[in-house]
Amino acid sequence: MALLPMQRIYIYALKKDRKKILELLQRRGVVEVRSMLKEDKVFNKSDASVVMQSLEKNISIAAESLDILNTYVKENKSMLSALSGRQELTVEDYDSFKVKYKPVVDKAKRIIELSKIIAENKADVFRLQTQIEILTPWVNLDIPLNFKGTKQTTGFIGTLPKPWTLEEIYEKLADYMPLDVDIISSTKEQTCVFVLCTNDNKDKVYEILRGLEFTLPPLSSDKSPAEQLDLLKQQIDMANSNIVVATEEMESYAMDRNELKFLQDYDTMRLEKYEVIGTLLQSKNVFIISGFIAEKDIKAIEEELTSSFDLAFETTEPRKRDDVPILYKNNGFSEPLEGTVNSYSPPGRGEMDPTTVMSLFYYALFGLMLSDAGYGFIIAAACAFGLIKFKNTIEKPMKNTLKMYMFCGIATIFWGIIFSSYFGDIFDVVGKTFFGVTDLPIIPPVWFYPVEKPMLMLTFSMAIGIVHLLTGLAMKGYQMAKQKEYMGIIYDVVFWYVLLLSGVVILLSSEMVTNILGINVNLSDVVIDIAKIAALVSALGIILTNGRESKNPFKRILKGLYALYGISGYLSDILSYSRLLALGLATGIIGTVVNQMAAMTAGGALGPIFFTIIVIIGHALNLMINALGAYVHTNRLQYVEFFGKFYEGGGKVFKPFGINTKYYRIKESTKYGSIK
Amino acid sequence: MEALNNYGIVLALLGAALAALVPGMASAKAVSMGGIAGAGVIAEDPSLFGKVLILQLLPGTQGIYGLIIAFITFSQIGVLGGSSDISFVKGALYFAACLPMIIVGYTSAIRQANASVASIGTVAKKPDQFGKAMIFPAMVETYAILAVLISILAVSGVTGLNI
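Respectively, the protein sequence lines represent chains A and B.
End of the first sequence sits at 676 in the numbering used here; the numbers just go up one at a time, nothing left out.
End of the second sequence sits at 163 in the numbering used here; the numbers just go up one at a time, nothing left out.
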């Protein structure tokens, strides 16, 4: 349970080695670069934004091309692939990519281009098909649609709404003979007609036709419809073959998927490097790296750097006002919860790392809220399976998540056994329904059934709450001891301890409270008297000292009184732990309900099948809902009740200059930071 | 009075049924509020699904607490097998015992949904602040938990009374 001590680091080196030094630092991932020196006439920062922009563009091209490729050629991914982490590459692979760089960028661009070609051709096919639909009724017309007539005659080509017969049209136009009417095609919606009349009559014929709602075809061409149709079909074939060719080319790039991924990673790494370069102070020949490094990493990196480059290496203690980044050091049991602390807030200046103490309570509280050995076993086994199966490749954050739930699951098994809950009461129900067992319960609880004695469970929950809160208070004392505020420990911690503990004793001495809680406590009168005196003294102490930052004695007492009023806060904090009872009961009771429902269907030949189905679905739902509840409320108890007693946070997590890639990692650099 | 005693079980069952019904109704509404807000966030950034889902489900627990109270009452009044000989007064007491869950379950679910929706907004803008955003709706739930606690204690307490 600790934070690693950090040091300021300065590296002064020659510009000709800049690339190599930076790449080495990036692969080691142990230095957080921060600009801590001011620019002057000789040393100033260079502008890397142009390079960074082009890198960002390439990253987005690579990502886009991968997306496109995935829509054409699906990548085979198993459901568990999220656990398997990034692939490993050697430094040589990384260096050799430089040669391939340009062609791969071109490939990515080509993929984007191809997807555009395919999209355009698809739009073309659609447009041409619409034209074919329009032309199809005219296919029997052997003259072009834009035919206007000959020297002596005028032709009208168009459609009339609704079906018409030849006689009906001739009837309408009977006055203007000679003329020729052809019906090209006729459907329920429209009749396509060709009317040829002499030039003298053309205006009148047109007028009558207009009266019949004659409209010109939406297309016009100088080829006959049949020819035009052939042409359109050819164009569609062409567009379709374009699509096929482009798709084939696209699919051929599926083999290059890994190169595209690497391109994305490669430029992500370079981008990070240039971000750092942008913050470095540089003169004509020299550049300076400044930042933070964990004390334990100094020796190795110093040896490595000084042995291969000409440079000056310097580390100093961080200054008082430095915002020193936080790097945790915890054992495997507590480490998974660093993320939980971070999502509250990393330890602020002068604060200690609360992870280890928290982890004990975290697992215990989670287990108590879920409190079913069956569910605990499922969670723990699933996590253990993931951890073992992918033990070589799994990334650290995923590993920590699995480990956290594995420990939570183990704690759940423990409490499940204490309160005898195995998928609700599955053993009893199965025994009774299928085997006629009458000697129930089959597995009696180690302690008691919470459903039968809710008051005892409530008392137990609050007792755990008191322990949790007092631990928080002790942490405060420890922190004050570290900052050498010894009197503060007495004022802010010891007085409260005495007050709370003697308060508990006084409460337990009253008959009403013991009756409510259903417990028997025999306290001798002497103990009670001592508790009363201790409570009075400590309350007085709190009134006198807890307002000590005010000089004015009157104000000071008022503030002290207000601090004493904080006892009501402790009361509500302790009551808050009653959620341990409520959530624990929720799991058990819903599990029992599921089993009862299943038992109702258990008769008959198919009974066991229905029984199994209901049990599986019911318990899966119950597990999901209650695990969520346990997770949320464990966090709440830690963040609000526990951290509220001593912890403020406000620090910054150590973010080393490293390799934050998506698909690959470089083999030797997985110590810190290079994980995301 | 003798005739009234036949109705004791009715009152008790009414309380149990309402304990499942009212908070269940409220939770359904509350979860749908979260779902509507969440769907908008997912449209922008599908990777937030897991976090948004947790926030959406938080106000769903009131319905479950209601179910617990209903179930405990059922088992105490003998609806799930056993005798159901309950006096009028006792039935009324069971009804009263269910009231905290019925009323607080309803109001807290809706209020918690408001906090959840706001937290979903926070996560949409700052996904790394999920830990804190989750606590706000969880604070509201405290009162639902206190209500379920009192109802549990009251229901199991009434059973012991000899009236």
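Take these hints with a grain of salt, some might be off.
[As the list claims (entries may be wrong)] Just some of the chain A residues that point at chain B, by a computed CB distance under 10 Å: (1) 340; (2) 454; (3) 501; (4) 504; (5) 527; (6) 581; (7) 620; (8) 624; (9) 635; (10) 639.
Hints in this document: simulated from the structure, not taken from any laboratory.
We treat Cβ as the ideally placed atom computed from N, Cα and C, and that holds for glycine.
Check: With 10 Å as the cut and Cβ atoms as the points, is residue 501(A) at the interface with chain B?
Finding: 25 Å, violated
Check: Can we keep the residue 504(A) interface hint, with Cβ of chain B closer than 10 Å?
Finding: 20 Å, violated
Next item on the list: Let me know if the C-beta of residue 620(A) comes in closer than 10 Å to any C-beta of chain B, holds or violated.
Entry: Violated, about 15 Å.
Notebook entry, point to check: Is the hint on residue 639(A) kept, meaning its closest Cβ partner in chain B is under 10 Å away?
Noted result: 6 Å, holds
Item checked: Restraint outcome when residue 527(A) is required to lie within 10 Å of chain B by C-beta distance -> 29 Å, violated
Note to self: So, as I understand it, the hint says residue 581(A) touches chain B; can you test that by seeing if any CB pair is closer than 10 Å?
What the structure shows: 7 Å, holds
Margin query: residue 624(A) was flagged as interface toward chain B. Is the shortest Cβ-Cβ separation under 10 Å?
Written below: 9 Å, holds
Note to self: A closest beta-carbon separation below 10 Å is what the hint needs, so does residue 635(A) meet it against chain B?
What the structure shows: 7 Å, holds
Notebook entry, point to check: At a threshold of 10 Å, is the proposed contact between residue 340(A) and chain B supported by beta-carbon distances?
Noted result: Holds. Min distance 7 Å.
Margin query: Given a cut of 10 Å on the nearest C-beta pair, is the interface hint for residue 454(A) held or broken against chain B?
Written below: 6 Å, holds
Checked against the numbered hints above, the structure breaks hints 3, 4, 5, 7 and satisfies the rest.
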